[in-house]
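Visitor: Let's have the full structure, built from the sequences with the hints guiding it.
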Amino acid sequence: MSQALIPPMVAHVALAGFLYVLLTVARAPAVWGIGRRTDGSNPWTAVEKRISANLSNQFEWPLFFHVACLILLQFQPSSAAVALAWIFVIGRLLHSAVQILTGNVRLRGVVFTVNFLAVIGLWIYVFMAAGNSPVV
Numbered sequence: 056m057s058q059a060l061i062p063p064m065v066a067h068v069a070l071a072g073f074l075y076v077l078l079t080v081a082r083a084p085a086v087w088g089i090g091r092r093t094d095g096s097n098p099w100t101a102v103e104k105r106i107s108a109n110l111s112n113q114f115e116w117p118l119f120f121h122v123a124c125l126i127l128l129q130f131q132p133s134s135a136a137v138a139l140a141w142i143f144v145i146g147r148l149l150h151s152a153v154q155i156l157t158g159n160v161r162l163r164g165v166v167f168t169v170n171f172l173a174v175i176g177l178w179i180y181v182f183m184a185a186g187n188s189p190v191v
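Residue numbers for the sequence shown follow my numbering, beginning at 56 and rising by one.
Please keep in mind that the hints were generated in silico from the structure rather than gathered at the bench. Here a beta-carbon is modelled for each residue, glycine too, at the ideal position from N, C-alpha and C. There may be inaccurate statements among the hints.
[Claimed, not checked] Simulated restraints, written as ranges between beta carbons of each label pair:
1) Ile-175 <-> Thr-93: 46 to 54 Å
2) Ala-83 <-> Leu-125: 34 to 42 Å
3) Met-183 <-> Trp-116: 15 to 23 Å
4) Ile-89 <-> Gly-164: 34 to 42 Å
5) Ile-89 <-> Gln-131: 47 to 55 Å
6) Glu-115 <-> Ala-69: 28 to 36 Å
7) Gln-129 <-> Val-76: 30 to 38 Å
8) Pro-98 <-> Gln-129: 42 to 50 Å
9) Arg-161 <-> Lys-104: 39 to 47 Å
10) Ala-83 <-> Leu-118: 26 to 34 Å
Guide: Quick look at the structure:
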């Protein structure tokens, strides 16, 4: 169980990597001319901005996720902490899908709240671990 936080951390890194690839593809018409419309415009202009914003989001709140996981790796994290890590990753996937594909700000806010609470939960476990609580 002590290494059980590694897979969700890797999954989040994979999501960020995928977003870099997606952003590269979306920018290809403008940067390399690959996939331009006949009028020379980029067919991915609107979605490119949302991908870029979402990629930036992967380096904001998720920082606290990774730090909490790294700290918890020093202890024996509970299955609840591991579940919170996976909830966070699934939430990030949903957040990316909502932000990139829909632009629905209300739904994105709800999904972010789930991510936010999952990380807060992980930090509660960090706090308990620092106090040598057996609950971690």
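Visitor: For every hint, state whether the structure bears it out.
Guide: Hints versus structure:
1. Ile-175 <-> Thr-93: 46 to 54 Å: Holds: the Cβ-Cβ distance is about 50 Å, inside 46 to 54 Å.
2. Ala-83 <-> Leu-125: 34 to 42 Å: holds, 35 Å
3. Met-183 <-> Trp-116: 15 to 23 Å: 21 Å Cβ-Cβ, so the 15 to 23 Å window holds.
4. Ile-89 <-> Gly-164: 34 to 42 Å: Given a distance of about 35 Å, which is inside 34 to 42 Å, the answer is holds.
5. Ile-89 <-> Gln-131: 47 to 55 Å: Holds, at about 50 Å.
6. Glu-115 <-> Ala-69: 28 to 36 Å: violated, 18 Å
7. Gln-129 <-> Val-76: 30 to 38 Å: holds, 33 Å
8. Pro-98 <-> Gln-129: 42 to 50 Å: holds, 48 Å
9. Arg-161 <-> Lys-104: 39 to 47 Å: The hinted range 39 to 47 Å is violated for Arg-161 and Lys-104, with Cβ atoms some 19 Å apart.
10. Ala-83 <-> Leu-118: 26 to 34 Å: Holds - the Cβ-Cβ distance for Ala-83 and Leu-118, about 29 Å, lies within 26 to 34 Å.
Taken one by one, the earlier hints fail for this structure at numbers 6, 9, listed in ascending order.
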